[in-house]
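Colleague: If you read the protein sequences in the order shown, they are chains A and B.
The first sequence: position 28 = 28 (our numbering), numbered continuously.
One rule links them: number in our numbering = place in the second sequence (from 1) + 166.
Because the hints were derived from the structure by calculation, they are not lab data.
All values reported here derive from a predicted model rather than from experimental measurement.
Positions of the beta carbon are idealized from the N, C-alpha and C atoms, including for glycine.
Misleading hints may appear alongside valid ones.
As the list claims (entries may be wrong) - Some, not all, of what chain A presents toward chain B, calculated at C-beta under 8 Å:
1) 20
2) 55
3) 59
4) 60
5) 67
6) 70
7) 71
8) 72
9) 77
10) 93
11) 126
12) 136
13) 141
14) 155
15) 158
16) 161
Here is what each chain is made of, one letter per residue.
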Amino acid sequence: MAFEGAGFDRAYRVYAGRLRAVAYHVLRDRDAAEDAVQAALLRIWSNRAYTSERGPLLPFLIACVRREALDVIRGARRRRERELRAAPETIVPDPTAAIDPVEARRVKAALERLTPAQRDVIVRAYYGGATLAEIADTTDVPLGTIKSRLAVALRRLGGELSGGTP
Amino acid sequence: MNQHCGDEAELYALGLTDPERTASIEEHCATCEECRTRVIAAEAAAAALASALPAAPAARSFRRPQWTSGLAAAAAVVFAVTSAFEGTALHSASQQSARTDAALSAVAASHFSHTTLTSQPGTVAKALYARDGAWMYVIADGVGPGAHLILRGSGGDRDLGALAAGAPATLFVRAPGRVGEVVLVADGRTLAHGVPVY
Numbered sequence: 001m002a003f004e005g006a007g008f009d010r011a012y013r014v015y016a017g018r019l020r021a022v023a024y025h026v027l028r029d030r031d032a033a034e035d036a037v038q039a040a041l042l043r044i045w046s047n048r049a050y051t052s053e054r055g056p057l058l059p060f061l062i063a064c065v066r067r068e069a070l071d072v073i074r075g076a077r078r079r080r081e082r083e084l085r086a087a088p089e090t091i092v093p094d095p096t097a098a099i100d101p102v103e104a105r106r107v108k109a110a111l112e113r114l115t116p117a118q119r120d121v122i123v124r125a126y127y128g129g130a131t132l133a134e135i136a137d138t139t140d141v142p143l144g145t146i147k148s149r150l151a152v153a154l155r156r157l158g159g160e161l162s163g164g165t166p
Numbered sequence: 167m168n169q170h171c172g173d174e175a176e177l178y179a180l181g182l183t184d185p186e187r188t189a190s191i192e193e194h195c196a197t198c199e200e201c202r203t204r205v206i207a208a209e210a211a212a213a214a215l216a217s218a219l220p221a222a223p224a225a226r227s228f229r230r231p232q233w234t235s236g237l238a239a240a241a242a243v244v245f246a247v248t249s250a251f252e253g254t255a256l257h258s259a260s261q262q263s264a265r266t267d268a269a270l271s272a273v274a275a276s277h278f279s280h281t282t283l284t285s286q287p288g289t290v291a292k293a294l295y296a297r298d299g300a301w302m303y304v305i306a307d308g309v310g311p312g313a314h315l316i317l318r319g320s321g322g323d324r325d326l327g328a329l330a331a332g333a334p335a336t337l338f339v340r341a342p343g344r345v346g347e348v349v350l351v352a353d354g355r356t357l358a359h360g361v362p363v364y
């Protein structure tokens, strides 16, 4: 049955924390992060954007919240606002401080099995919050190459995490 | 847009496509199973990356209502309902899908509403409720432990239960019926009160 009181309450808590962490990592402002989470959920709900065909719910929500947060950053950049900015440091997060330490250790190990260039582009794009153009600029690699390298790297990471071969 | 997504499936999953391309990818994936499957796989990998992020600092509970929009709160609750499972998110896709389908149908059919309760300074409380009285969900910021939700009626008070502590503190009440005034009480003190409109 859909309305299980304990599960209902508990599930909300489980998701809200993760979604806020995703938004906060991009926005570095807890109020802006909360707004981004709510805006993403509202958009999904009002557009009826989620059906079971769309795959598991949590990864879908995480992607929507991150997209929402990045849109806020892009908007702020366009308006030349400085108060909202992307995470300045490009570092692989510390699994001991992670929201899911067990999964974080798996991710770290999987990242280490990628080539240095693949790992670097994922870390810069995901954890460093750099735009594709910024990565191309910093690494002096053409933008098209960065795009395809990041796509291949994420696919390979997925393969490593699901136990398949790259 | 009938073109396959190619590498942009992964870039989309990472939030790195511009709004126009995002919209065209979503439109395409609604009908193309191949690209949808690729996006779902990419989102799973991106979600794994997210699991290594540190937690966000706790929300400011007094300065600013956490639930700035009742509708957004309702949306959050809908997604909580859709995922009313036991434990963590590591369930199989089919299990989760079946539950999500059932919950989405139930919520879509239940037409919920919301009201902001009149609160003491420092407290922000909202009630979301199914208009047929099937459930009520109370969310309150700025309440300490031990707060109870009381149903005030002509026949006397009925205690609907204690809020689970947290920021926000919450209580889900199953089948309260169409209630009159609800009051949030702690240590004999009224923190908030309001009347749902059905």
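Colleague: Does each hint hold? Answer for all of them.
Modeller: Hints, verified against the model:
1. 20: 4 Å, holds
2. 55: For residue 55 (chain A), the interface hint holds, since the closest Cβ of chain B sits about 4 Å away, which is under 8 Å.
3. 59: 4 Å, holds
4. 60: Because about 6 Å separates residue 60 (chain A) from the closest Cβ in chain B, which is inside the 8 Å limit, the hint holds.
5. 67: 4 Å, holds
6. 70: Given a least distance of 4 Å, the restraint on residue 70 (chain A) holds.
7. 71: 7 Å, holds
8. 72: 11 Å, violated
9. 77: 13 Å, violated
10. 93: Holds - the Cβ of residue 93 (chain A) comes within 8 Å of chain B, reaching about 4 Å at its closest.
11. 126: 5 Å, holds
12. 136: Status violated, d = 12 Å.
13. 141: Violated - the Cβ of residue 141 (chain A) stays beyond 8 Å from chain B, reaching only about 15 Å at its closest.
14. 155: 6 Å, holds
15. 158: Holds: closest Cβ of chain B sits about 4 Å from residue 158 (chain A), inside 8 Å.
16. 161: 5 Å, holds
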